[in-house]
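There are 2 protein chains.
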Amino acid sequence: MAPRGFSGVLAPAITPFHKDLSIAPERFVHHCRWLLANGCTGLAVFGTNSEANSLTVEERMLLLETLVEAGIPAAVLMPGTGCCSLMDSARLTAHAVRIGCGGVLMLPPFYYKGVSVEGLYRNFAEVIERVGDERLRLYLYHIPPVAQVPISLELIERLLQRYPGTVAGVKDSSGDWNNTKAMLERFAAGGFEIFAGSEVFLLANMRHGGVGCISATANVNPGRIRHLFDHWRDADADGLQEELAATRAVVQKYPMIAALKAIVSHYGGDAEWATVRPPLVELTADQRRCLAEALSGRGFEMVF
Amino acid sequence: MAPRGFSGVLAPAITPFHKDLSIAPERFVHHCRWLLANGCTGLAVFGTNSEANSLTVEERMLLLETLVEAGIPAAVLMPGTGCCSLMDSARLTAHAVRIGCGGVLMLPPFYYKGVSVEGLYRNFAEVIERVGDERLRLYLYHIPPVAQVPISLELIERLLQRYPGTVAGVKDSSGDWNNTKAMLERFAAGGFEIFAGSEVFLLANMRHGGVGCISATANVNPGRIRHLFDHWRDADADGLQEELAATRAVVQKYPMIAALKAIVSHYGGDAEWATVRPPLVELTADQRRCLAEALSGRGFEMVF
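Chains as they are written, first to last, in the working numbering: chain A, 409 to 712; chain B, 409 to 712.
Please keep in mind that the hints were generated in silico from the structure rather than gathered at the bench.
Check the hints yourself; a few may be wrong.
If you only want the chain B side, here are some residues facing chain A, beta carbon under 7 Å, derived [claimed, not checked]:
(1) Lys521
(2) Asn531
(3) Val689
Here the structure is a predicted model, which is why all the values come from computation and not from measurement.
Even for Gly, the Cβ is constructed at its ideal location relative to N, Cα and C.
The whole structure should be built from the sequences, with the hints applied where relevant.
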């Protein structure tokens, strides 16, 4: 039996749409397969960069089933299942567990701002109780710049105390290394799996007891990120880290999701891949050209 | 035929739950009837104070049908239908139009922050096109303290230009009178219906060409708010306004939704009414007692 838990490089797989904004499942399967064949150890489908909150609950469940039916092992899947309504979160989570997903990555309910730790604790506890399945491995998703509702150390501690076998780890997308470090110092020794929310912090995270990263740019650059993960103890690790950060900086000059889709569209020769759902907008033709030039200037490529 | 459009005092009706967090439809019907019998001119069900984003899409549709089946005229209903996913927004909006609702109150998609006016325009336009029904009357919901995604004047202007018969008005819950004033100056003369997001701005809104207010505290104090609406041109209107603001200030010392439910629970002698869904939490026994004392000290009561 394979050990439980995730580590390495997970991509929050981007979600392809047709021009009419409907989902393109065959492109999704193709992209997910490519990610696993090119360095990703797992897929955090339905993340922020997947436009998950622009999908319906039914669309998410259908896409997840499509991946598993296409032969992608459910054990490498860590779908996002955190919604504003705990009823939706419980439904998506139960569904993910039922089809065998290795874990779920759960946003806090993000409509109400300034809610208490007690209220967030009740939300996660209620979801766990409603799912009521020992196979559940729950990863908390801390992304205050977007959700505006944080996963505090106090919340993690309370959840770990009550649900030690279920609350498995966290993705820290705060962009604040001091916060990741505080999580590592407090929880990593107990086996709590801490993922950096960007490959920019991958090396630091590994050196302090983390298990990897779940990063937007793993959608387009999985091989090199994986290379650092495999070689983080090597002498040239800092150089590899700098190289990764420089590539990410090129992408990050643009709105991230539109940029990732533009890159996949460009290297795959598939114009429709660039489609995003509102409220996001595609890159302009000028932006796409500048981005492609900057990437090829760095020797970047995606081979399908 | 009744004239189209809303005016007066609308309550974002609070949504009752059983202790197990399931919806209590019979209490909801009872509360909505009470609101209409006691001063409300309409019901902005599924607003922020209704915990709408803590409900599933199916729960919202079922509750709306329950109201109409119970004999509440659909024309007085302005349900909230704005979700993170435009597919959900379109589904809820089409449903509301189909059963005859006088309008819908639509949040912007609120997960992604810092999105462009173009992206928000595309979201609302796409929903309107997908609904594809001339009966649709869309009210934009500006509540930046919670949604963190604003409805700018530029966005309103673009939508009004393209969909003049459909985009009918706005609720301004910014809490910033200067913003409401700017909306009034720019759009009120054209028949755009501008609601203050709190009765604290009701008199000012009426004096500058607005049509009323949609306010949380209309859930518990509809009669006196309506009285000001009916008498805003009277000599004692400023005194009535001060009185309303003072009552609201008592409630606003506590988390609003939990406080509203505590008040209905207290005056109705129905403990279960106080239930909220996580991430919200109920008031403590001490808070409930202090709130009830402060309200009765002001001569406040609710008679069922």
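Against the structure, the hints come out as follows:
{"no.": "1", "hint": "Lys521", "verdict": "holds, 6 Å"}
{"no.": "2", "hint": "Asn531", "verdict": "holds, 4 Å"}
{"no.": "3", "hint": "Val689", "verdict": "holds, 5 Å"}
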